[in-house]
Amino acid sequence: MRYNGWMNDRAIGRAAFLGLVGVGVAGLFLGRDATRVIGSVVPATVRGIVPTSGWRIYTIAARMPSIRPAAYRLQIAGAVERPTTLSLADLRGLPRAEQVSDFHCVTGWSVYDVTWGGVRFRDLLAQAGPVPGAKALRFVSDEVPYDDTLTLEQALLGDVMLAFDMDGKPLSRPHGAPARVVMPRMYGYKSVKWVTRIEVLEADSRLGYWEQRGYDKDAWVDGSNGFTA
Amino acid sequence: MARTASPPERTTIVRFGRTERTLHWVHAAGFFAMLATGLILYLPVLSEVVARRNLVKNVHIWSAVAWALLIAVIVLVGNRRRLAENWREIETIDRDDRRWLAGRRAPQGKFNAGQKVNTILTVAFAVLFAVSGFFLWLGERNHAFLFDGTGTVHETLTLASVVLVAGHLYLAVIHPSTRHALRGMTRGDVRKDWAEAHHAKWVEDERRV
Numbered sequence: 644m645r646y647n648g649w650m651n652d653r654a655i656g657r658a659a660f661l662g663l664v665g666v667g668v669a670g671l672f673l674g675r676d677a678t679r680v681i682g683s684v685v686p687a688t689v690r691g692i693v694p695t696s697g698w699r700i701y702t703i704a705a706r707m708p709s710i711r712p713a714a715y716r717l718q719i720a721g722a723v724e725r726p727t728t729l730s731l732a733d734l735r736g737l738p739r740a741e742q743v744s745d746f747h748c749v750t751g752w753s754v755y756d757v758t759w760g761g762v763r764f765r766d767l768l769a770q771a772g773p774v775p776g777a778k779a780l781r782f783v784s785d786e787v788p789y790d791d792t793l794t795l796e797q798a799l800l801g802d803v804m805l806a807f808d809m810d811g812k813p814l815s816r817p818h819g820a821p822a823r824v825v826m827p828r829m830y831g832y833k834s835v836k837w838v839t840r841i842e843v844l845e846a847d848s849r850l851g852y853w854e855q856r857g858y859d860k861d862a863w864v865d866g867s868n869g870f871t872a
Numbered sequence: 002m003a004r005t006a007s008p009p010e011r012t013t014i015v016r017f018g019r020t021e022r023t024l025h026w027v028h029a030a031g032f033f034a035m036l037a038t039g040l041i042l043y044l045p046v047l048s049e050v051v052a053r054r055n056l057v058k059n060v061h062i063w064s065a066v067a068w069a070l071l072i073a074v075i076v077l078v079g080n081r082r083r084l085a086e087n088w089r090e091i092e093t094i095d096r097d098d099r100r101w102l103a104g105r106r107a108p109q110g111k112f113n114a115g116q117k118v119n120t121i122l123t124v125a126f127a128v129l130f131a132v133s134g135f136f137l138w139l140g141e142r143n144h145a146f147l148f149d150g151t152g153t154v155h156e157t158l159t160l161a162s163v164v165l166v167a168g169h170l171y172l173a174v175i176h177p178s179t180r181h182a183l184r185g186m187t188r189g190d191v192r193k194d195w196a197e198a199h200h201a202k203w204v205e206d207e208r209r210v
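Protein chains in written order, with my numbering: chain A, 644 to 872; chain B, 2 to 210.
Hints in this document: simulated from the structure, not taken from any laboratory. The beta-carbon is built from N, C-alpha and C at its ideal position, and this holds for glycine as well. Take these hints with a grain of salt, some might be off.
Chain A stretches covered by chain B per the calculated footprint, using a threshold of three residues with CB under 8 Å from any CB of chain B [claimed, not checked]:
hint, region
1, 665-678
2, 746-759
One side of the interface only, derived from the structure: several residues of chain B facing chain A at Cβ under 7 Å [unchecked claim]:
hint, residue
3, 95
4, 108
5, 154
Produce the entire structure from the sequences given, and follow the hints as far as they go.
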């Protein structure tokens, strides 16, 4: 074993190895903001090779739903005056809303400044007329058995919508085409994709797919699922 | 090293035994199985083409389990003394290695300094892949183990590994002066004249044994 003044030869490789492992383990606890900074220094050429644009596509069913736009029907049922079925053209005929908002996934990634186009739930629900005692909405996905809920109050917040456009184009299949929920203030599992049915509920007690598996029902970003601001 | 006018010596010398070769190829198979399935899980374009995330996710996770078990079995029943010797040499970055890394010529052992760096990175990445992958899996089930950076670490490792493996494949398969080393990892032996040129200190050590 030879010494080169400050460290013996063998310790160099060992220090490099343990240092790398230590940095990697510490990286598990990096916040999203640190991830964003690291991501922003990745050269555009590398980002071009890895065309995720920040999104990860998570599904739970055996197969990703594939819905022909012409065949799409959205049912609004449950505690409503007039159970209603709408085509995509009907949806696009409703007052259009647009917004730019961030998308946060509970697993640690975020996509910033997403442009959404769609319809606010106030305008959508007016088609069916919720009964006075209505408390919550259940969004049923074509990806069986995925579903989730929002209270009526949450669904009527100013930045919540049923979206059918994303970044200036019709929603793509991986992002929930033809229509999905957008609820930017909560983690993404509340923003149900491939929505084919909305049930108006008179009690806010139903748990969504992930909530039956231990996730928080009120999934506020930085205020749920063990994350704090 | 005596220079002779005769044609290059055709005798060979054993570089990698069964344990070392099995470990290498099991790791390689595991890496490419998990890379292929991992890319399908990670890239939106592929996730749409394949559209069967559950199946791919299961293959990815069970590949990881099989990989880890096989590595453990090889280390347990294989030539542990040889593996320990290799690791000791790999960890040792001596003066010749530092000169080599600085771009100067210097006699090299069984592993040249570049191979040492590659191995240290590969083993560290394997440990970190396993740790971050385990927490990705566990965090989905129990939010006490859900950390913001887990995915970032797993993805960064993927990118870095792809770069590392691309360089490794180039040197092992294409680059004329180094690609003979591939034979050491398939058949186990390498030409002695090649070893003398590329791993002089190792050949010297073997002669003394």
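Here's how the hints hold up against the structure:
1. Here the region 665-678 of chain A counts 10 residues with a CB under 8 Å from a CB of chain B, which clears the bar of 3, and the coverage holds.
2. Restraint check on the region 746-759 of chain A versus chain B: 4 residues with Cβ-Cβ distances below 8 Å, three needed, restraint holds.
3. For residue 95/B, the interface hint holds, since its Cβ comes within 7 Å of a Cβ in chain A; the closest pair sits about 4 Å apart.
4. Hint on residue 108/B is violated. Least Cβ distance to chain A is approximately 15 Å, over the 7 Å limit.
5. For residue 154/B, the interface hint holds, since its Cβ comes within 7 Å of a Cβ in chain A; the closest pair sits about 4 Å apart.
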